[in-house]
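Single-letter residue listing:
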Amino acid sequence: MRLEYMGLSELSGSLIALEGVSGVAYDETAEITLPDGKRRAGRVIRLEGDKAILQVFEGTRGLSLDNARTHFTGEPVKLPLSTEMLGRIFDGAGRPIDGLGELYPEERRDINGSAINPVSRHYPRDCIETGISAIDCNMTLIRGQKLPIFSGSGMKHNELAAQIVRQARVGEERNFAIVFAAMGVKNDTAEFFRRSFEEAGALQRVVMFRNLASDPIIERILTPRCALTAAEYLAFDKGYHVLVILTDMTSYCEAVREFSSSKGEIPSRKGFPAYLYSDLASLYERAGMIRGRPGSVTQVPILTMPNDDITHPIPDLTGYITEGQIVLDRDLDQKGLYPPVSILPSLSRLMKDGIGEGFTRADHPALSNQLFASYSKVQDARSLASVIGEDELSETDRQYLTFGRALEQLFIRQDPLQRRTIPETLDLGWKLLTILPRSELDRVDDATLQAHYVEGAYQSLLSDLPQ
Amino acid sequence: MSYTIYGINGPVVTVRGGRGLAMMDMVRVGDMGLIGEVVGVEGDTTTVQVYEDTAGLIPGQPVTSLGAPMSITLGPGLLNNIFDGIARPLKVMEERSGPFLDRGLDIPTLDPDRRWETTVLVREGDQLKAGDCYAQCPETTLITHRCLVPAGLSGRVTHAAPNGSYTVADALIELTDDRGTVHTLRLAQSWPIRTPRPMGEQLPIHRPLITGQRIIDTLFPIGKGGAAAIPGPFGAGKTMTQHQLAKWSDADIIVYLGCGERGNEMTQALEEFSELLDPKSQQPLMNRTILIANTSNMPVAAREASVYTGMTIAEYYRDMGYHVALMADSTSRWAEALREISGRLEEMPAEEGFPAYLASRLAEFYERAGYVRTLEGKEGSVTVIGAVSPQGGDFSEPVTQNTKRYVRTFWGLDRALAYGRHFPSINWLTSYSEYIADLKPWYDQQVSPRFMADRQRIFTLLQEEDQLLEIVKLIGADVLPEEQKLTLETARLIRVGFLQQNAYNQIDTYVPLEKQFQMMEVILALYDGAKPLLERAIPLSQIKATGIFASLSKIKYEVPNDTPQRFEGYHEAIRAALRQVDEANR
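Those sequence lines, one after another, are chains Y and E. The first sequence begins at 1 in UniProt numbering and counts up by one. The second sequence begins at 1 in UniProt numbering and counts up by one.
Certain hints may be false.
[As the list claims (entries may be wrong)] Facing chain E, according to a computed beta carbon distance under 8 Å, are these residues of chain Y, among others:
#1 Tyr277
#2 Ile388
#3 Pro416
[To be verified] Think about it this way: if two alpha-carbon atoms lie no more than 25 Å apart in a straight line, the pair counts; the simulated PhoX-like pairs of lysine-lysine are:
#4 Lys485/E with Lys377/Y
#5 Lys554/E with Lys485/E
#6 Lys554/E with Lys377/Y
In short, the hints are calculated from the structure, not lab data. In this text, a Cβ means the ideal position worked out from N, Cα and C, and glycines have one as well.
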């Protein structure tokens, strides 16, 4: 028998309240039927005695206190799962929207997932070669890592993410899958990604979840959870190496804020709820590998920093949870440089255990360290030059300026279709370091320098360097 | 009296059905038996914070009281183990529920079946008072577990079991107190986590916690029993520093608390500490380590409890006469858990949404650190090192500011240093240690009477460099007088050759105090030797050209930790280089 409650006792924003209910569980889903027979989904967010407060995913438009009928399903929000999801497109709440019909699920799983026991995790050590020098050398992506792209509006984060997907050895691995979640982005952006997956010939390996800017914000809160549930299923049950692209996390966080304020919660920084950290952690921590299971979930969330401010709560809390970040830089972008990766604030926390002898190449850690250190001195030389003029600089400082320009133009700059192997990238890095006198390289031991520092090796590069 | 669930809002559950629940009582909530704690009572409505995800709870389901405040079991088997925030062993949870954490699991902290080779140290008829040791067993190859009469208990031994192998629940002795009540003592005992464990008396802090990290041991030392904070923006290396301290500091026991941080970091700590050997004993580090992992995606209320769990375990080993270091990474996550729960309880927020009691909670926590004489009369200590994750890297936020009032060592991590990959990225201008005066006698005696003087000179050079760099930023370094160039060059040598320490280098990851002292001596010898030459208008570039600065900056890699005699060679090289410059200018 289908039990339905007639009418509501309160309506406010996307929330509805019912009184006189019994046997309703916290976090359970409900179906709300409108007079015209259409159904909307809702979820219990608070219980008090016989009163239940629900959020309605598609919004409360058209609902009145009398015309709604509510049925509680007795279970939390669940996503139907099957390997047939690959190649399909779903809306933000996990319903197919590509006209190919319903999925025949192998099972249905709670989209909130559960935390991975730290004891069961397998510490990630396999590097993913993205073919992008700046990333491979200085912030190596590791399989099972969560490495967000911190960008700003109008910068080339989508192109970069698409290039990572294209070049991350998609072709060679048979068990490679992509889960793509669009949250509050424009149709153009979602379409850009679809096209670039298509061009890479990977469309049949992609599961897409699409919550566009005009779609309900409550569904936006479900979107990454659906995507990660699908990713965990593909990875840990079916053995796929899954790369999850989440864009745009800023829209997601704003949806959380909007929803929180509609519940009348006490706001903390910039109006975001106090639990934003825990909420983001419940998403980002769903990356990783599990001992004894073949697959992996690697996350590359994209977020646009409001006003390019890295201390804004969204990038700030994200950076405290994720294992590093790839930061894009407005200045480089305006110089027309692609990818505009800002080396210094970018970081991969897991790279230390996934590079070097036995992983990439023995000289990788030292080179990467030295590039960071030398490039940070470039910034000092530049600010000095802006005060006293380039001509007044010491010989060493002038060499730093050349080195900085060369690193940006020859190393960081890369064609969106170009792919450099890790040895190519590392050799290029060593050549660039020869612009500096050997005595300036204080992060490398003598033996490594002996092997890789070839006096004057940079000469062949300088002809390519635009003035 | 039967209690039932009335309302549910996230981890906060309201309970009705009577007035008998006491504040801080542990309860089991709903049909799943989720673990919770009473945090408020108003009329016949009781508020409970639940340590597990509350999805699926239904109003009307039963709530049962366990009749005691939130307590954990303390006994052998804690070491070489990893627990969640309320001391459930994660390895057993994995066996029960697979790689994803399940809810409502009722798992004892200590393995009930494991047997320990126990020596009973008392006989029938002995008089015992609180803190006396009645039995001991080897817990790991490094640590002997000593069972002490719990605080508040004393009496005559009326029964003592023979030596043998016992589980944690087996009765070892019976103690009859003055009133004739018989108390059974076992290998394990229970203690409420929010109550500090009693001790004899607090002693002054007089010994450093030696960490093998140069910038810490030399510039900003922490005393055993002291408290330190490591604040820093993300990516500055808080966790890395904490891991280094957990690996190399000379505490007997390490309690490493991952509070609201990354799952992979705990996995790494577990792997690494199991493989790495303690430099003194050549035993795996895990044999002296207890890990508590309440990662950021585990329930927020348990995150709040995890710091007390960690502290209680630390105090328990302190009472046995051990020196314990508690690394809490990160205390900000704990403060945020307080804020989150406070918001759900609809309390009035104070600064930045944090509850007004934030400061007093932090104070209570850091005050549980200390160098003490235990009830038994031994010396023991709990040193607390808390990481702080300030919002936006801004040290003026409430958690950093309040923490600063209760710690005496402050290691401020710096984003700019981290960007230049200068690690540990402790900024020497913003950091401080108030223990210098307390520890000076120890350094004078144990290392060298010149140690503290050298430290001061190094510190002064770094400060002078900072002022000079202000000028350099405006006019460049070339126009400075030679003597100031020497200051800059020496300070650079200190930064690169001394303060920077490579955690991945076999030799450099841990450096004994003797070598730290010799390194300072060599650097200062070069500075002192070069000065008179410059006064004779010989340019610094000539001295640099000898390569002596570059050679000194690599000492950290070149001189093994156990051969301090190699430093004589460096002193000789300095004399030779300076003599060469001197003769060239005659």
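We went through each hint and held it up to the structure:
This hint holds: Tyr277/Y has a C-beta 6 Å from the nearest C-beta of chain E, less than the 8 Å allowed. Interface restraint check: Ile388/Y against chain E, minimum CB-CB distance 6 Å, threshold 8 Å, status holds. Checking Pro416/Y against chain E: minimum C-beta separation of about 27 Å lies over 8 Å; hint violated. Distance check on the hinted pair: Lys485/E and Lys377/Y sit about 18 Å apart at the alpha-carbon level, within 25 Å; holds.
Taken as a hint, the Lys554/E and Lys485/E pair is honoured in the structure, with Cα atoms around 21 Å apart against an allowance of 25 Å. Restraint check: the Cα-Cα separation between Lys554/E and Lys377/Y comes to about 20 Å, which is no more than 25 Å; the hinted pair holds.
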